[in-house]
Amino acid sequence: MLNMRFLKKYGTLIGFAILCAIFSLLSPVFLTIPNLTMVLLQGSMLTIIALGTTVVMAAGGFDLSFGALCGLIGVLVAGMMVNGVPVVIAIIIGLLIGAVFGTINGLLVTVVGISDFVATLATMSIARGLNYFYTKGDPIFKGIPEGFKVIGQGKIGLIGYPVLIMFAVLIILYIFMNHTVTGRQIYAVGGNKTAARLSGINVRWIRVLTFIVGGVAAGLTAVIVTSRLGSGQPLAGEGFLLDGLAAVFLGMTMLREGEPHIIGTFFGALIMGVLVNGLNLLGVQYFFQDILKGLIILAAVALTVTGHSKD
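Under this note's numbering, the first residue of the sequence shown carries the number -15, and numbering increases by one thereafter.
Read the hints as simulated data drawn from the structure, not as lab findings. Note that the coordinates shown come from a computational prediction; the quantities given were computed from them, not determined experimentally.
Straight-line C-alpha distance at most 25 angstroms; calculated SDA-like pairs for lysine to any residue:
1. LYS133 - ILE77
2. LYS120 - LEU219
3. LYS120 - GLY68
4. LYS133 - LEU20
5. LYS177 - TYR158
6. LYS126 - ILE73
7. LYS133 - GLY223
8. LYS177 - ILE88
9. LYS139 - LEU25
10. LYS277 - ARG112
Make a model of the complete structure from these sequences and hints.
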């Protein structure tokens, strides 16, 4: 029983260690310092956007719009700077756009009464449409200030600024979710909305707040991605939806089973980063990577459901 309990709690971490061991045996490049720092750098943006989604899901919500929102904010921030808006102002506006979209998602769910899935599917489509209306599908790259590019391309030693931002977000959200009244209320709402409401928690506000956090995380990710690419790419946010959900679901299988949590999502994003990096080193074609990601999501959800059904 103890062994089974241990495997259920730490099995995903053990699987992560085995995955690293396999890639290190198959590729001599995998365990080199430059490659490992690249894994962290590439995974930093996924981690930030997935952490925002974790907060939404911790309150029992679901968000499909964060990838499309990231893409929209990225091109809008790039467009503003190209048209002379100061870098700091453009970044602040980008984060505010994320907060506005998050607020809209939250109000559609809590006030209008639309399901999370339908509401965020609709706002995902709206964000994607606005993106292509604004860019006509063309990247925005002429006139991006060099100072802005430092955010995504600068580094201290071997550690890129996006990695430092990722750890800052990780620490802030960990403290927020685990050591503040509001964070505990978010988990209470996710556990049982009716009980939370009867205990005096403003369930509507808490749920709206989580969507705002998710929207701001998407905005921050958009800023970093745009800075790193040195351009506003209309398709930049498309890959985050599948990978972000996979990271959150993987995190739900470890430590605190069946519950979205910050540390779990961090390791889930790390697993996704290692998987993509290792498969790229081995020359595995991209469509096999998508198949594996889909299988990982299925396995993670299946483990979560199985864990709940046996409790």
